[in-house]
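2 protein chains.
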Amino acid sequence: MSLTFALAANGQPTYAVTYQQKPVIQPSRLGLTLAGGGGFDGPLVVTGSETKDVDETWQPVWGEVKNIRNHYQQLTVHLRQPAADGRRLDVVFRVFADGVGFRYEFPQQASLTYFVVRDERTEFNLPADHKAFWIPGDYDSNEYTYTTSRLSAVNTAGIEPIQLKAAPTTVQTPLMLKSDVGLYVNIHEAALVNYPAMMLNVNPKTFGLTSQLVPDATGNAAYLQAPEHTPWRTIVVADNAPAVLASKLILNLNEPSKIAETSWIKPQKFVGVWWEMHVNKATWNYADTTNIKLANTDWTKLKPNGHHGANTANVKRYIDFAAKHGLQSVLVEGWNVGWEDWANNWKEEVFDFVTPYPDFNVQELQAYAASKGVKMMMHHETSSSVTNYERRQDAALRFMKQHGYDAVKTGYVGRIIPRGEHHDGQWMVNHFNRTAENMARQQIMVDMHEAVRPTGLHRTYPNWLASEAARGNEFNAWSTGNPPEHETILPFTRLMGGPMDYTPGIFQIKLEGWNAARNQGKQVHTTLAKQLALYVTMYSPLQMAADLPEAYEQRPDAFQFIKDVPVDWDDTRILLAEPGDYLTTARQAKGKAEWYLGSITDEQARTQTVRLDFLPPGRRYEATIYADGPGASWDQNPMAYQIRKLKVTSKSSLTLKLAPGGGAAVSFKPVGKIKA
Amino acid sequence: MSLTFALAANGQPTYAVTYQQKPVIQPSRLGLTLAGGGGFDGPLVVTGSETKDVDETWQPVWGEVKNIRNHYQQLTVHLRQPAADGRRLDVVFRVFADGVGFRYEFPQQASLTYFVVRDERTEFNLPADHKAFWIPGDYDSNEYTYTTSRLSAVNTAGIEPIQLKAAPTTVQTPLMLKSDVGLYVNIHEAALVNYPAMMLNVNPKTFGLTSQLVPDATGNAAYLQAPEHTPWRTIVVADNAPAVLASKLILNLNEPSKIAETSWIKPQKFVGVWWEMHVNKATWNYADTTNIKLANTDWTKLKPNGHHGANTANVKRYIDFAAKHGLQSVLVEGWNVGWEDWANNWKEEVFDFVTPYPDFNVQELQAYAASKGVKMMMHHETSSSVTNYERRQDAALRFMKQHGYDAVKTGYVGRIIPRGEHHDGQWMVNHFNRTAENMARQQIMVDMHEAVRPTGLHRTYPNWLASEAARGNEFNAWSTGNPPEHETILPFTRLMGGPMDYTPGIFQIKLEGWNAARNQGKQVHTTLAKQLALYVTMYSPLQMAADLPEAYEQRPDAFQFIKDVPVDWDDTRILLAEPGDYLTTARQAKGKAEWYLGSITDEQARTQTVRLDFLPPGRRYEATIYADGPGASWDQNPMAYQIRKLKVTSKSSLTLKLAPGGGAAVSFKPVGKIKA
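Protein chains in written order, with my numbering: chain A, 1 to 676; chain B, 677 to 1352.
FYI, nobody ran anything at the bench for these hints, they're computed from the structure.
Check the hints yourself; a few may be wrong.
[Stated by the list, open to error] Simulated coverage check for chain B against chain A, where a stretch passes if three residues somewhere in it have a Cβ under 8 Å from a Cβ of chain A:
| hint | segment |
| --- | --- |
| 1 | 818–830 |
| 2 | 1018–1027 |
| 3 | 1065–1071 |
| 4 | 1142–1150 |
| 5 | 1166–1172 |
| 6 | 1201–1213 |
[Stated by the list, open to error] Quick list of simulated restraints, FRET-style, between CB atoms:
| hint | chain 1 | residue 1 | chain 2 | residue 2 | range |
| --- | --- | --- | --- | --- | --- |
| 7 | A | G37 | B | R826 | 52 to 60 Å |
| 8 | A | A295 | B | K1321 | 51 to 59 Å |
| 9 | B | T789 | A | E364 | 31 to 39 Å |
Note that the Cβ used here is the ideal one computed from N, Cα and C, for glycine as well.
With these hints in hand, go ahead and build the complete structure from the sequences.
And the structure:
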């Protein structure tokens, strides 16, 4: 990896990146504009520079691997803006074996204390018309399917917006690119703190990308106070796709854990009163009354609609199920008042986070879950009324601790209040980070839905187990769903920044099985075996067994894989990967000799032959293979699977036949040493 | 008073008001526009109407009078919007002897649940080119001096903005008007809840006023959910100026107290570590360091600047003074960390409201104040970073209760965060009201500075003792100050909505007395006697003795009036009044036979002869008259005063000689019955 910094003839700072003598980023502009002028856009003067080398190894609190090597060369360039009081700016580059990170730093200085970034003018000039895996720039949502196209063909105009789309040439990061000469390039950011998310504006003619920061209600990007710095802009580069997925560059560019005592942070699997609402068997709301005002509604007087999911008896059923099968926790959505007209009204007082519906007995469930050794997982849907949530967050967290909850799933559906702010703007970024901090202070784990997409901050806040921030499995219940290729792209895009709560594990794939009238033709775009494989291919320390208990109880043999599969790992090997096509990953369980493998494909059937040389030599393993059944296919025959067991060693190979839209999952449990 | 409602020929609803056969409001349009169309602007259909009469008397928790009569006729007109799904709107008028109030009501209805008011199209068409007492429309501030001009001459363009001025023909309410035919008209609003403040756009040709609502960050005015209603638009009308000041119309249009148990609410006088900062004897900040970040500053390591006002020893001096003179409480500003660069940076993390500076010992002062029978008054300056204050308000109120504080002065200097919101917009209106409610729940009294101007909500939240929301006495220390007429206009404008914490009682009028170098030529635009009179003419249940203890200790004879004057009253008589010229008010102390009188003038010297027939017949009183001294004048000789005592009865008259910019204060204490 090679990084070149230079001032252009006009004094504009630029950088370029090459890898194996191939251009990755051609000379590209650096700079920022400030409100009121006097920014760092235009001719600057270099006043000095320094370099240093760092090579260290650290251990994440949880993760895909036990040890992470952080090895880079750093170049700091000191710049001065002669046109504006000699204001100073540093650009700091870190060059790794697998890519480059750089950020802007604003040193303490007399002529720049409080300042407002109007926009950032960072360019990524690509040398050719790469293939790109992109979603439209949207200041509030990442919940799109990916389009695969040449850069020259990026055009988001025809895509139905989730919230507020930017210009038709604006796409989001992580942006995955593949060049015709075999380079894989991923552009994202690391450690997004006190700054808006960066989108990328594509020039379809030059193949140049320009940063576009998400604006606030007044059109500004970031309110800063020196000394301060931007997030790292990251460019991961490799000559093969698996190496991109193995990169720890983004984690390495984040700060170490701010949480000293981490024994309370527990990777976990959970079930929840959740998918039954998606498949129209139950509702979040207790009554079908609408036009509710939080402050003056007597919830005991509402007429129950008779299919409220979060009722005490039903929750006990989930607790029983979790206890029986060794799943750690039970999420309950719809437990608290306000769901009758919670969405789409841009209303401030929606939820209070502490008042249960009349049929949800908090104390009784607390005692019952404790008696079964199961934890309850709290749910805080904010309806994006974030001012309301912030006012009530202290009380909500106190309520959690009083009632034995130590994990919470948060949600931010809809338009943000403060009105005019966006999910991905600086104010909300600060909210998400502050929320992770507040929760860490209370020893609470958090899973954020509809939050800004991650940038590796789970290193710094390891209680922030997962986020959604992409199009999850739930879309398969509501809409045209996710195409089978979706899960082969997500690891190269969304997951580059951190774990996703994708909610795999759907066994009742044809949703008419739950509600024939309301789910006509609806199905998850998968085979059953692929749902199992996702527990390995989609890394997260928090994994839901998303389907209903009765779905699992009908197929206990397949459910065994979900029971077995760990959520924390000592090692990870990306065996086969191509974005948009396929992915096969093997991982070693944390502190155990067990290994697990997941293999998935897009809509194409594939035969994947996998050498098991990741297994330690000299040991025999029982491999349990959960594979697509004969004639399986995501659309015609998704629920056909077969399970077989065989003994293997590190010298074995496995041949996995993946159905169209299918996959395979394998557990490897040691059964003894090989006789010498 | 007569009110006429009519549909105009084009179907537009209109109203008109006459008083004593004189037109007050000529036929004027009513209506609202909604975001997305389908509002109540344009042709509507009347579907019915009702009337009712109400005559009741109620007792305020504190106030200017013991009993308030609420006597009105109500007309409700039901309207339908045929062009938009038959949406329904009611207009409700209440006609009092001294004016009219009306509001829009949105009944519960299928075709209008959640909706967004884009603007309100209420007109007040005045019949002639009245004299008006106005301040410029500013979405964030009322801190202007008043301009007196004909309506046709309203033009705010030349006035330096405090924050964000609206169009040059936009003025604020309460707007005081005087017609050439001797009518006094005051236009304002009552019960501003869940809606932005109303400004008025003046048509200088037609003398028509049109409502203009303060917009939010996105340009909308109000987010509502039916059933809902707007605030009352109020028109107080009289043929004499005193009757305007005596009007209880705005209070009557507010809801009764929401606080059931009110014994903890105590009208009070206070001193404070405050004016010494204004006169450059002390500072709010502890250090002179700037560029502070709240989260990572070690305050014990800052270098003290040596003149921090809120130090323990100095606060004890104020506690001693309050205890000695029977003043109830001591305000301390600058006690908490963050003042080093608190203003003008649009910064979110400024104050935490719970961390004292190293030289302010909360526990020691709590014990000391308690031992002296004095209450401490908390100070919460938010720097308008309201999201930050809301997040921390619960903790801040807990801190108060833990440390014996049961009253707080809040402040909102600067630009609002959420950025793009305004002090007078719906979001902030809700914040102020919610804050009053939160504090009521904790039995805390509140005095809000830089809040939206009051609209009588102190009836509903009697713990909301006062607000600033106008140009207070402090401007006399900082700027060109307030002209002597200012205090003769405020009762007709700002005070129509509720009590003001004006901070009277400045004895050291020439500020060079405190700091010759930094206060050159600065003075309060008053005589000393006028400062005493303000305790009577400027009604508030919360009155500061604003000057420094040493200023009062030099003039104990004059200070006796401040010690004596009550802050709660059984009766009030406006004896003489003319906006911009003079005001003489007499009030009877709560539960006592004592009366107090204040008389003030503008820059003109005046002799006011006052008949004492407000005193009960058959009793003798000792009148102590605090008057301007010989040769006194606000500019040349402001500190000359004389005190005389004489015996009076209800048959006596007093002749008060008011110096230019001067005033007089009188206490009447009963000394026995008149022998028959």
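Consistency of the hints with the structure:
Note: the segment 818–830 of chain B has 0 residues with beta-carbon separation from chain A under 8 Å; the three-residue rule is not met and the coverage is violated. Restraint check on the segment 1018–1027 of chain B versus chain A: 4 residues with Cβ-Cβ distances below 8 Å, three needed, restraint holds. By the rule of at least three residues with a Cβ nearer than 8 Å to a Cβ of chain A, the coverage given for the segment 1065–1071 of chain B holds, with 5 such residues. By the rule of at least three residues with a Cβ nearer than 8 Å to a Cβ of chain A, the coverage given for the segment 1142–1150 of chain B is violated, with 0 such residues.
A count of 0 residues in the segment 1166–1172 of chain B with a Cβ less than 8 Å from any Cβ of chain A is obtained; the coverage claim is therefore unmet, three being the minimum. Counting residues of the segment 1201–1213 of chain B whose beta carbon lies closer than 8 Å to any beta carbon of chain A gives 0, which falls below the threshold of three, so the coverage claim is violated. For the pair G37 of chain A and R826 of chain B, the beta carbons lie near 42 Å from each other, so the given range of 52 to 60 Å is not met. Restraint check, A295 of chain A to K1321 of chain B: a C-beta distance of roughly 56 Å satisfies the suggested window 51 to 59 Å.
Taking the beta carbon of each, T789 of chain B and E364 of chain A are about 35 Å apart, inside 31 to 39 Å as hinted.
Of the hints listed earlier, those the structure fails to meet are numbers 1, 4, 5, 6, 7, in rising order.
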